[in-house]
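Asker: These protein sequences, in sequence, are chains F and L.
To convert, note that position 182 of the first sequence is 182 in the working numbering; the numbers rise steadily by one, no gaps.
To convert, note that position 99 of the second sequence is 99 in the working numbering; the numbers rise steadily by one, no gaps.
It should be emphasised that the hints constitute simulated quantities derived from the structure, not laboratory data.
Treat each hint with caution, since some may be false.
[Stated by the list, open to error] Covered, in the sense of this in silico footprint (three residues per stretch, anywhere, with C-beta under 8 Å from a C-beta of chain F), are these stretches of chain L: (1) 8 to 21; (2) 31 to 43; (3) 104 to 118.
[What the hints assert, rightly or not] Only some residues are given here: those of chain F computed to face chain L with a beta carbon under 10 Å: (4) Ile87; (5) Glu91; (6) Glu107; (7) Ser176; (8) Asp313; (9) Leu346; (10) Arg348.
Just so you know, these numbers come straight off a predicted model, no measurement behind them.
We treat Cβ as the ideally placed atom computed from N, Cα and C, and that holds for glycine.
The lines below spell out each chain.
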Amino acid sequence: MRRIELGLLYSRSGSYSLISEACRSGALAAIAMVNADPSLGLTFLPVERDPGGNVDAYAPLCEAILRDTGARHVLGCVTSWSRKEVIPTVEKFGGTLWYAVPYEGFEASDHVVYTHACPNQHLLPLLDWVMPAHGRRAYLTGSNYIWGWEMNRLARERITAAGGEVLGDRYLPIGSREVGRMIDELRYARPDFILNSLIGPSSYEFMSAYRALGLVDPHFLPSSCPVLSCNLTECELPALGPAAEGLVAAGPYFRGVPGWPGPGNFGSSHEAAAFSAVRELARLLAHRDGAEELPLSQLLAGDRGPGGIVDPDTHHTVLPVIIARVEGGAFTPIRRLQAVAGDPYLTRGRTAPAAPMLKVVS
Amino acid sequence: MKRRAIRIPELGGARVIILHRPHPTVQALSRQLTAIGLSVIQAWPELGPEALAADYIFFDADMGHDGMFPWDAGQPPIPMIALIGSEAPGRIEWSLKAGAHAQLLKPVGDNGAYSALLIARDTFDAQRALSVEIADLRRRLEDRQTVVRAVTLLAARGKTEVEAYAQLRQLAMAWRISFEDAAARIVASHGAGRDGTGKDGDDRHGRG
Numbered sequence: 001m002r003r004i005e006l007g008l009l010y011s012r013s014g015s016y017s018l019i020s021e022a023c024r025s026g027a028l029a030a031i032a033m034v035n036a037d038p039s040l041g042l043t044f045l046p047v048e049r050d051p052g053g054n055v056d057a058y059a060p061l062c063e064a065i066l067r068d069t070g071a072r073h074v075l076g077c078v079t080s081w082s083r084k085e086v087i088p089t090v091e092k093f094g095g096t097l098w099y100a101v102p103y104e105g106f107e108a109s110d111h112v113v114y115t116h117a118c119p120n121q122h123l124l125p126l127l128d129w130v131m132p133a134h135g136r137r138a139y140l141t142g143s144n145y146i147w148g149w150e151m152n153r154l155a156r157e158r159i160t161a162a163g164g165e166v167l168g169d170r171y172l173p174i175g176s177r178e179v180g181r182m183i184d185e186l187r188y189a190r191p192d193f194i195l196n197s198l199i200g201p202s203s204y205e206f207m208s209a210y211r212a213l214g215l216v217d218p219h220f221l222p223s224s225c226p227v228l229s230c231n232l233t234e235c236e237l238p239a240l241g242p243a244a245e246g247l248v249a250a251g252p253y254f255r256g257v258p259g260w261p262g263p264g265n266f267g268s269s270h271e272a273a274a275f276s277a278v279r280e281l282a283r284l285l286a287h288r289d290g291a292e293e294l295p296l297s298q299l300l301a302g303d304r305g306p307g308g309i310v311d312p313d314t315h316h317t318v319l320p321v322i323i324a325r326v327e328g329g330a331f332t333p334i335r336r337l338q339a340v341a342g343d344p345y346l347t348r349g350r351t352a353p354a355a356p357m358l359k360v361v362s
Numbered sequence: 001m002k003r004r005a006i007r008i009p010e011l012g013g014a015r016v017i018i019l020h021r022p023h024p025t026v027q028a029l030s031r032q033l034t035a036i037g038l039s040v041i042q043a044w045p046e047l048g049p050e051a052l053a054a055d056y057i058f059f060d061a062d063m064g065h066d067g068m069f070p071w072d073a074g075q076p077p078i079p080m081i082a083l084i085g086s087e088a089p090g091r092i093e094w095s096l097k098a099g100a101h102a103q104l105l106k107p108v109g110d111n112g113a114y115s116a117l118l119i120a121r122d123t124f125d126a127q128r129a130l131s132v133e134i135a136d137l138r139r140r141l142e143d144r145q146t147v148v149r150a151v152t153l154l155a156a157r158g159k160t161e162v163e164a165y166a167q168l169r170q171l172a173m174a175w176r177i178s179f180e181d182a183a184a185r186i187v188a189s190h191g192a193g194r195d196g197t198g199k200d201g202d203d204r205h206g207r208g
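Please put together the full structure from these sequences, using the hints given.
Answerer: See the structure below:
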């Protein structure tokens, strides 16, 4: 039986720890499943490092995993900022990062596998839903780093191209709760919808203040002017409480929706994407002695088995697109689209047919 | 001058040529470009005829030499990106003379191609727009003498300089041509011994 070390680089504290914990749970559940499956002929031994929500700790801790342990594959990172910090390290050591969080696209590293959604799998279908349903006048918010900036740039491009209008575009530093100015601007701008690309406490504070605004001015009730998100999932609903009611989110999975990533119940798409990453790695390594030492490109090129989920050109995956609204504390799907291949540079056409949805083979 | 907004080019299906001998740098660059969504052709030591259908060119600045491109030096019809290994001043100078719009340092690794494509495209578009504007301004500058002669000819018929200038503007509008072209007609018709401002002349010029 091969024992293969597997790095886990998730922050167990800090402003986005709910997402890290969801990813970590999904990874640990998949590791337990792999370890209990004798047909794979391998077991994973997790090697954990905790950056504690400090962006500058990611690269050194990733280096420690790749240098000091046998692990060549690391599951980890939540923010795009931390992912960009880690990429030079995995490149230097010939390792691979498995990234299980929705992100803003425009990246296809030779050393990263992206198992959650990019904009053609979340933002663009969400805008396609909201503009006919609610109108084309938008207000954009985001956290002050690449995720918020790039999501809002792309949203502005698409909304403007559709003949819509962006009434405001406002950012907060990660961790900031200063949402008063956004709420004041909203009261005057009176948009048709709001795109929320804030993360962590900024997002929780904004949602809570927006709910209060809706109670005094019915224009701001979710039925009239909804808040949209491409990164809020069930894992953050406890922190949002009643403020989440009416939120509309896009993602590849919501609790209870069957299909991706195969049989099983997952708490959120974050959990599901991390689960699917570990299962895919196990499938790629099974019955290939020494494959755990290969760089990602060779690991993928030598894959002879059926059921591969990683596109060898982009390292993105085919994912369902589900748009769901929070009703009574849980997401209810309101639109389900055909699974679509990740198109990180938006160069492959929005209507390009996806490869057939393949099941993970156990 | 206010900088215009960058246009994100349509890269899906665009054709790119890498002019470089077979090398791991070519492999790494091809991987990046394929992931972005372009189709890649490798060529060395010369560009083939397929260069004329390409949308972008990455070229080796280390081994590059004059005459490797099928167009006049420094006049590339598409955006060019220099692949620079040796940062020797002579090589950088040659790359610029060849018309490089952006550069990517060797060895090429996991990233850099996307920003090089966008910067090269934007620089190319900006240079082209400026060239058109400069050519137009230069032509108008050269025509200034013609305008002075036309105004003098019109003023010789008893008008003030200001009235002659206004008449020339009206003629240009009536003929639907530029101010400078109208001046050239006045001067030419005078040289041919005809009065460019007469009614017959108006008619003829108006349909020319």
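Asker: State for each hint whether it applies.
Answerer: Hints, verified against the model:
1. Interface restraint, the stretch 8 to 21 of chain L with chain F: holds (5 residues with C-beta to C-beta distance below 8 Å; minimum three).
2. Note: the stretch 31 to 43 of chain L has 7 residues with beta-carbon separation from chain F under 8 Å; the three-residue rule is met and the coverage holds.
3. With 4 residues having a Cβ less than 8 Å from any Cβ of chain F, the stretch 104 to 118 of chain L passes the three-residue criterion, so the hint holds.
4. For the restraint placing Ile87 (chain F) at the interface with chain L, the shortest Cβ-Cβ distance is roughly 7 Å, inside the 10 Å limit, so the hint holds.
5. The criterion of a C-beta within 10 Å of any C-beta in chain L is met by Glu91 (chain F), whose closest approach is roughly 5 Å, and the hint holds.
6. Because the smallest distance between the Cβ of Glu107 (chain F) and any Cβ of chain L comes to about 8 Å, under 10 Å, the interface hint for this residue holds.
7. A distance limit of 10 Å between C-beta atoms decides the matter here; for Ser176 (chain F) the minimum to chain L is near 29 Å, and the interface restraint is violated.
8. Using the Cβ-Cβ criterion of 10 Å, the hint placing Asp313 (chain F) at the interface with chain L is satisfied: the shortest such distance is roughly 5 Å.
9. At its closest, the beta carbon of Leu346 (chain F) sits 8 Å from a beta carbon of chain L; the interface hint therefore holds under the 10 Å criterion.
10. Against a cut-off of 10 Å between C-beta atoms, the interface hint on Arg348 (chain F) holds, since the closest Cβ of chain L lies about 6 Å away.
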